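2 protein chains.
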Amino acid sequence: MSHSMFEQHEKTLQGALEAIKNRTYWTPYPEIPSGKIYGETAKADGLSAFEGRLNQPFELNQPGTGRTQRSEVSPYGMSLGITYPKPDLDELIPAMQTAMQGWKSASIEARVGVCLEILDRLSSSAFEMANAIMHTTGQTFMMAFQAGGPHALDRGLEAVAYAYQEMTRCPRQVVWEKQVSKTDVVRLQKTYRILPRGVAALIGCSTFPTWNGYPGLFASLVTGNAVAVKPHHGAILPMALTVNIARAVLPEADFDPNIITLVPNSLDGESISKDLVTHPGVRIVDYTGGTEFGDWLEANCPQAQVFTEKAGVNSIVLDSVDDLKAVTSNIAFSVSLYSGQMCTAPQNIFIPKGGIRVGGDTISFDDAAQAVVKGVNWLLSDQKRAVEVLGAIQSESTVRRMTAAATEGGEVLRPSGPVAHEKYPEARIHSPVIIKVRADQTDLYMREVFGPVVYIVETESTAQSIELAARTAREQGAITSLVYSTNDDVLRESQDALTDAGVPVSCNLVGPIFVNQAAAFSDFHVSGANPAGNATLCDAAFVANRFHMLHTRVLL
Amino acid sequence: MSHSMFEQHEKTLQGALEAIKNRTYWTPYPEIPSGKIYGETAKADGLSAFEGRLNQPFELNQPGTGRTQRSEVSPYGMSLGITYPKPDLDELIPAMQTAMQGWKSASIEARVGVCLEILDRLSSSAFEMANAIMHTTGQTFMMAFQAGGPHALDRGLEAVAYAYQEMTRCPRQVVWEKQVSKTDVVRLQKTYRILPRGVAALIGCSTFPTWNGYPGLFASLVTGNAVAVKPHHGAILPMALTVNIARAVLPEADFDPNIITLVPNSLDGESISKDLVTHPGVRIVDYTGGTEFGDWLEANCPQAQVFTEKAGVNSIVLDSVDDLKAVTSNIAFSVSLYSGQMCTAPQNIFIPKGGIRVGGDTISFDDAAQAVVKGVNWLLSDQKRAVEVLGAIQSESTVRRMTAAATEGGEVLRPSGPVAHEKYPEARIHSPVIIKVRADQTDLYMREVFGPVVYIVETESTAQSIELAARTAREQGAITSLVYSTNDDVLRESQDALTDAGVPVSCNLVGPIFVNQAAAFSDFHVSGANPAGNATLCDAAFVANRFHMLHTRVLL
Numbered sequence: 004m005s006h007s008m009f010e011q012h013e014k015t016l017q018g019a020l021e022a023i024k025n026r027t028y029w030t031p032y033p034e035i036p037s038g039k040i041y042g043e044t045a046k047a048d049g050l051s052a053f054e055g056r057l058n059q060p061f062e063l064n065q066p067g068t069g070r071t072q073r074s075e076v077s078p079y080g081m082s083l084g085i086t087y088p089k090p091d092l093d094e095l096i097p098a099m100q101t102a103m104q105g106w107k108s109a110s111i112e113a114r115v116g117v118c119l120e121i122l123d124r125l126s127s128s129a130f131e132m133a134n135a136i137m138h139t140t141g142q143t144f145m146m147a148f149q150a151g152g153p154h155a156l157d158r159g160l161e162a163v164a165y166a167y168q169e170m171t172r173c174p175r176q177v178v179w180e181k182q183v184s185k186t187d188v189v190r191l192q193k194t195y196r197i198l199p200r201g202v203a204a205l206i207g208c209s210t211f212p213t214w215n216g217y218p219g220l221f222a223s224l225v226t227g228n229a230v231a232v233k234p235h236h237g238a239i240l241p242m243a244l245t246v247n248i249a250r251a252v253l254p255e256a257d258f259d260p261n262i263i264t265l266v267p268n269s270l271d272g273e274s275i276s277k278d279l280v281t282h283p284g285v286r287i288v289d290y291t292g293g294t295e296f297g298d299w300l301e302a303n304c305p306q307a308q309v310f311t312e313k314a315g316v317n318s319i320v321l322d323s324v325d326d327l328k329a330v331t332s333n334i335a336f337s338v339s340l341y342s343g344q345m346c347t348a349p350q351n352i353f354i355p356k357g358g359i360r361v362g363g364d365t366i367s368f369d370d371a372a373q374a375v376v377k378g379v380n381w382l383l384s385d386q387k388r389a390v391e392v393l394g395a396i397q398s399e400s401t402v403r404r405m406t407a408a409a410t411e412g413g414e415v416l417r418p419s420g421p422v423a424h425e426k427y428p429e430a431r432i433h434s435p436v437i438i439k440v441r442a443d444q445t446d447l448y449m450r451e452v453f454g455p456v457v458y459i460v461e462t463e464s465t466a467q468s469i470e471l472a473a474r475t476a477r478e479q480g481a482i483t484s485l486v487y488s489t490n491d492d493v494l495r496e497s498q499d500a501l502t503d504a505g506v507p508v509s510c511n512l513v514g515p516i517f518v519n520q521a522a523a524f525s526d527f528h529v530s531g532a533n534p535a536g537n538a539t540l541c542d543a544a545f546v547a548n549r550f551h552m553l554h555t556r557v558l559l
Numbered sequence: 004m005s006h007s008m009f010e011q012h013e014k015t016l017q018g019a020l021e022a023i024k025n026r027t028y029w030t031p032y033p034e035i036p037s038g039k040i041y042g043e044t045a046k047a048d049g050l051s052a053f054e055g056r057l058n059q060p061f062e063l064n065q066p067g068t069g070r071t072q073r074s075e076v077s078p079y080g081m082s083l084g085i086t087y088p089k090p091d092l093d094e095l096i097p098a099m100q101t102a103m104q105g106w107k108s109a110s111i112e113a114r115v116g117v118c119l120e121i122l123d124r125l126s127s128s129a130f131e132m133a134n135a136i137m138h139t140t141g142q143t144f145m146m147a148f149q150a151g152g153p154h155a156l157d158r159g160l161e162a163v164a165y166a167y168q169e170m171t172r173c174p175r176q177v178v179w180e181k182q183v184s185k186t187d188v189v190r191l192q193k194t195y196r197i198l199p200r201g202v203a204a205l206i207g208c209s210t211f212p213t214w215n216g217y218p219g220l221f222a223s224l225v226t227g228n229a230v231a232v233k234p235h236h237g238a239i240l241p242m243a244l245t246v247n248i249a250r251a252v253l254p255e256a257d258f259d260p261n262i263i264t265l266v267p268n269s270l271d272g273e274s275i276s277k278d279l280v281t282h283p284g285v286r287i288v289d290y291t292g293g294t295e296f297g298d299w300l301e302a303n304c305p306q307a308q309v310f311t312e313k314a315g316v317n318s319i320v321l322d323s324v325d326d327l328k329a330v331t332s333n334i335a336f337s338v339s340l341y342s343g344q345m346c347t348a349p350q351n352i353f354i355p356k357g358g359i360r361v362g363g364d365t366i367s368f369d370d371a372a373q374a375v376v377k378g379v380n381w382l383l384s385d386q387k388r389a390v391e392v393l394g395a396i397q398s399e400s401t402v403r404r405m406t407a408a409a410t411e412g413g414e415v416l417r418p419s420g421p422v423a424h425e426k427y428p429e430a431r432i433h434s435p436v437i438i439k440v441r442a443d444q445t446d447l448y449m450r451e452v453f454g455p456v457v458y459i460v461e462t463e464s465t466a467q468s469i470e471l472a473a474r475t476a477r478e479q480g481a482i483t484s485l486v487y488s489t490n491d492d493v494l495r496e497s498q499d500a501l502t503d504a505g506v507p508v509s510c511n512l513v514g515p516i517f518v519n520q521a522a523a524f525s526d527f528h529v530s531g532a533n534p535a536g537n538a539t540l541c542d543a544a545f546v547a548n549r550f551h552m553l554h555t556r557v558l559l
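Chains S and R are the protein sequences, given in the same order. One rule links them: number in my numbering = place in the first sequence (from 1) + 3. One rule links them: number in my numbering = place in the second sequence (from 1) + 3.
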């Protein structure tokens with residue numbers, strides 16, 4: 004079997020292996036949507052490729068598929084009008100199991116090569132993907148390009164690198180030799196082979212379908228499993244494009260395209276997810292989404308290994324700062340970016356009732372809270388800038404949740420309001436609501452309110468702030484946390500308390516770096532150590548259990 | 004903190020790291036119970052240390068413990084008369100959580116050093132341990148010494164090495180630097196720390212308490228967890244000795260001894276296992292034992308990561324051989340060794356009804372089956388040799404199961420019979436029963452009949468033999484398989500079919516190497532790919548999920 008794809012991309016693999024070891028900044032996929040990098044016509048070509056998909060059936064040529072009736076409506080207003088194949092699992096899963104036969108027997112290099120080639124083709128399609136991500140998730144074009152394209156590819160490549168490392172940890176053949184007596188030596192020819200688990204189901208999310216989906220997809224694929232991609236009904240197109248590219252690459256390397264398939268349900272149809280994940284042939288489930296279904300998956304798929312990223316409630320602890328404006332600007336951007344729809348976005352800001360130290364002075368709680376409000380107001384004061392930060396809100400239910408939050412208790416310091424978009428008058432855009440609550444109003448803030456909702460919590464002290472942030476992580480889950488303090492003891496105590504609660508801690512972020520950002524090859528996304536999920540993107544545990552190592556021993 | 008234990012044993016660790024990479028034969032723990040290696044008085048000292056334990060309370064000085072009333076009776080006849088601490092979990096688990104605080108914050112090297120020192124001390128106590136293993140499991144002294152001592156220590160060391168590798172895969176600190184614009188560089192100081200899951204429960208077995216127990220014990224311990232050791236009520240002493248040594252080493256390195264505790268229940272008491280494994284503080288469960296409780300654990304401990312080794316039904320496929328006597332001698336030893344009480348012992352021997360090729364000739368099914376019977380008869384014809392192969396039967400229920408099997412169907416080719424032991428007249432020793440069955444009598448042989456019970460299955464053909472062996476593995480679980488064929492196609496087909504069913508394959512074993520043997524650092528024990536268990540001793544998946552990696556990011 005030819006390993007030409009492997010050879011072609013081996014440098015990328017080596018770079019990724021170095022990066023996950025050193026954990027420094029590295030990427031092979033440029034994040035600047037520039038014509039100089041992607042080609043002068045790339046942007047226009049990507050847009051026209053995207054527009055060419057609209058109001059058409061999306062052809063994938065899968066076995067056992069009919070047509071769904073209706074698909075996505077862009078959070079920016081327009082209906083995409085695409086129809087997708089509707090699968091019959093009893094036909095599709097067996098076809099995938101058949102397709103797996105050749106895939107699992109292939110060399111590690113062959114599978115790695117195919118995965119790296121898929122990632123490379125996806126990189127070439129970054130502009131088309133950006134439009135698809137934008138008009139399903141509601142992200143701005145820039146975020147859609149970066150998070151949905153190169154950053155998602157980074158996460159996929161990271162999973163391939165981890166899996167490659169696991170698969171190659173032991174030799175494929177060895178002669179085992181033991182002196183069993185003065186004269187006798189036993190020699191065994193041992194051969195090690197990889198046995199994948201089976202068909203994997205990827206249950207995608209509506210906000211970051213590629214970024215959250217690629218790690219599981221590529222980890223399963225490269226270890227020899229087939230993957231059934233079940234996208235969120237509101238964000239099918241990005242995963243359809245992904246599957247389409249993978250199904251083009253596989254036959255070029257002499258593999259059956261049914262190693263990867265799309266398993267969507269229509270916007271108004273019954274969800275196929277439960278049927279898929281409980282199918283006896285499905286042995287791996289990767290999931291990103293709400294806590295309720297994540298908990299259900301963890302309890303109800305005994306035949307499968309289940310990897311989840313569920314919801315979290317992320318905290319900021321405000322203790323003391325040098326430059327208040329720099330801090331509140333950073334916070335304002337973090338809570339406004341994509342309207343709080345990132346799983347890494349902060350929801351709760353803990354401020355002591357006695358106020359905070361700013362340089363040599365103390366400012367009151369109210370002044371500190373108002374500084375956050377002002378930061379958000381300033382950021383969103385320019386309508387053009389506002390829509391380029393907020394993006395659109397993916398789901399109508401998020402708007403309803405936000406509206407409800409404003410009336411459920413606490414004091415609204417900043418009401419939400421609709422924001423107009425010049426180009427997309429029907430876009431679903433709303434600025435964040437900021438609500439002040441007392442520390443004892445845990446029923447309000449110690450729960451996930453997904454979307455542009457920020458609680459400022461008045462605490463007794465920074466010690467209580469830390470304790471409540473840690474308790475929130477422990478009880479509700481958390482994916483990120485952010486602490487501002489000029490006091491080393493406070494930084495150390497909060498790092499200890501929050502990491503103990505399973506949440507990574509960022510400290511004193513100002514300028515162009517935000518708590519929302521998680522860097523592939525360096526940051527572990529979701530710790531697995533609190534209710535926000537049971538899996539980490541990406542560590543050895545995320546890949547090692549997707550295959551088994553089987554040995555044969557032949558007496559020589 | 005001093006790393007003197009780490010430095011002292013670093014060469015052992017390096018040897019283990021090399022061995023798991025190369026998978027060749029290696030061990031630092033000598034398997035020959037020789038005075039030249041262990042010291043001329045070691046054997047006598049070990050015996051007298053063991054005898055000194057008898058009819059005494061076993062002191063461990065744990066918090067929250069009273070006394071149990073009764074403990075083990077040796078399968079060789081005598082009552083050990085030891086009493087053990089009976090724990091109150093509501094006092095013990097919090098004490099362990101407290102003890103974990105210092106343990107989890109220690110350096111990787113400090114924890115690894117302590118674990119290697121514990122293994123080293125256990126090695127020095129190998130003779131005392133051998134007596135303890137012999138008189139709880141019923142193993143012969145030689146097996147008790149080797150499998151219960153050095154081979155078990157190999158498995159423990161292997162887990163430490165795998166865990167060390169996982170914990171050191173990323174640096175502890177790194178400066179992450181990204182050029183975010185023409186003029187701006189963001190620099191983050193990142194620190195990675197290990198967060199263990201919590202208290203681990205080790206549920207031990209009655210036949211190989213140390214060999215099956217040490218991997219989970221050391222994997223949990225070295226990754227920063229505390230471990231509650233719940234031994235089988237019939238084999239407490241080996242794990243009490245282990246815990247005792249660990250509790251002596253820990254304070255020498257300034258750690259709280261409650262990082263490891265013994266949680267036994269008395270022979271006639273209520274089992275404490277379910278209370279332990281469902282305790283909210285228990286976050287890891289390692290289990291070796293019967294399928295029923297293993298399945299229960301996998302389904303009923305949602306708060307914990309559960310690693311199981313359950314039961315399997317192991318097969319031999321007899322197709323064609325060069326030297327029949329060499330083959331049947333090997334098989335006879337494999338099925339007789341420790342009376343079929345090894346999880347790796349073969350139970351079913353598949354032979355085609357048309358017979359098998361032997362050199363250039365064909366012999367009939369009946370002649371082939373009788374050759375196996377004769378092999379067993381010859382091996383056990385000398386009473387002294389017989390007891391040195393058979394050992395004693397650990398549990399009375401195994402004898403009852405064996406007796407029942409002889410009357411449930413099929414044709415008894417060789418009845419079981421009691422075997423007398425010169426030194427231990429009350430020893431529970433019985434030779435194996437060999438029963439001929441048809442391929443369609445799956446209710447008889449396609450189930451685990453733990454103990455000295457062998458089925459010879461008459462099949463249509465070798466192809467059917469392979470298919471039935473694979474089906475047995477897939478449906479009932481299997482841990483080993485053995486194929487005899489002089490035909491390369493048959494070897495390849497059986498390797499493909501059996502490894503696909505998740506069972507490692509040995510081929511054409513004759514002489515002093517047996518399918519029952521699993522070599523640390525080389526063989527993966529239990530694949531996780533069939534119902535025989537969900538965990539492998541030892542691979543990355545066995546260790547990687549016992550801790551989480553948490554990072555902090557501080558803006559520089």
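Some hints could be false.
One-sided and incomplete, this derived list gives chain S residues near chain R with beta-carbon spacing under 10 angstroms [as the list claims (entries may be wrong)]: (1) 27; (2) 174; (3) 555.
Okay, derived cross-link-like pairs now, BS3-like style, lysine-lysine, Cα gap no bigger than 27 angstroms in a straight line [as the list claims (entries may be wrong)]: (4) S:181 to R:181; (5) S:185 to R:39; (6) S:185 to R:46; (7) R:14 to S:24; (8) S:185 to R:328; (9) R:24 to S:14; (10) S:39 to R:14; (11) S:46 to R:14; (12) R:39 to S:181; (13) S:46 to R:181.
For the record, the hints were derived by calculation from the structure and aren't laboratory data. Note that the coordinates shown come from a computational prediction; the quantities given were computed from them, not determined experimentally. The beta carbon of each residue, even a glycine, is placed where N, CA and C say it ideally should be.
Evaluated hints:
1. Because the closest C-beta pair between residue 27 (chain S) and chain R is about 6 angstroms apart, less than 10 angstroms, the hint holds.
2. Proximity of residue 174 (chain S) to chain R holds as hinted, the smallest CB-CB distance being about 6 angstroms (cut-off 10 angstroms).
3. The beta carbon of residue 555 (chain S) is positioned within 10 angstroms of a beta carbon in chain R (closest approach about 5 angstroms), and the interface hint is therefore held.
4. For the given pair, residue 181 (chain S) sits about 52 angstroms from residue 181 (chain R) by alpha-carbon distance, which is inconsistent with the 27 angstroms threshold.
5. The hinted pair formed by residue 185 (chain S) and residue 39 (chain R) meets the criterion: a straight-line CA distance of about 16 angstroms does not exceed 27 angstroms.
6. Between residue 185 (chain S) and residue 46 (chain R) the CA atoms are separated by roughly 23 angstroms; this keeps the pair inside 27 angstroms, and the hint holds.
7. Annotation: proposed proximity of residue 14 (chain R) to residue 24 (chain S) holds, straight-line Cα distance about 23 angstroms (limit 27 angstroms).
8. Distance hint between residue 185 (chain S) and residue 328 (chain R) is fulfilled; the C-alpha atoms sit about 24 angstroms from each other, no more than 27 angstroms.
9. The suggested pairing of residue 24 (chain R) with residue 14 (chain S) holds, with an alpha-carbon distance near 23 angstroms, which does not exceed 27 angstroms.
10. A C-alpha spacing of about 54 angstroms is found between residue 39 (chain S) and residue 14 (chain R), which places the hinted pair above 27 angstroms, so the restraint is violated.
11. Distance restraint check for residue 46 (chain S) and residue 14 (chain R): the Cα-Cα separation of roughly 58 angstroms exceeds the 27 angstroms cut-off, and the hinted pair is therefore not satisfied.
12. For a cut-off of 27 angstroms, the pair hint linking residue 39 (chain R) to residue 181 (chain S) stands: about 20 angstroms separates their Cα positions.
13. For the suggested pair residue 46 (chain S) and residue 181 (chain R), the alpha carbons sit about 25 angstroms apart, so the restraint of at most 27 angstroms is met.
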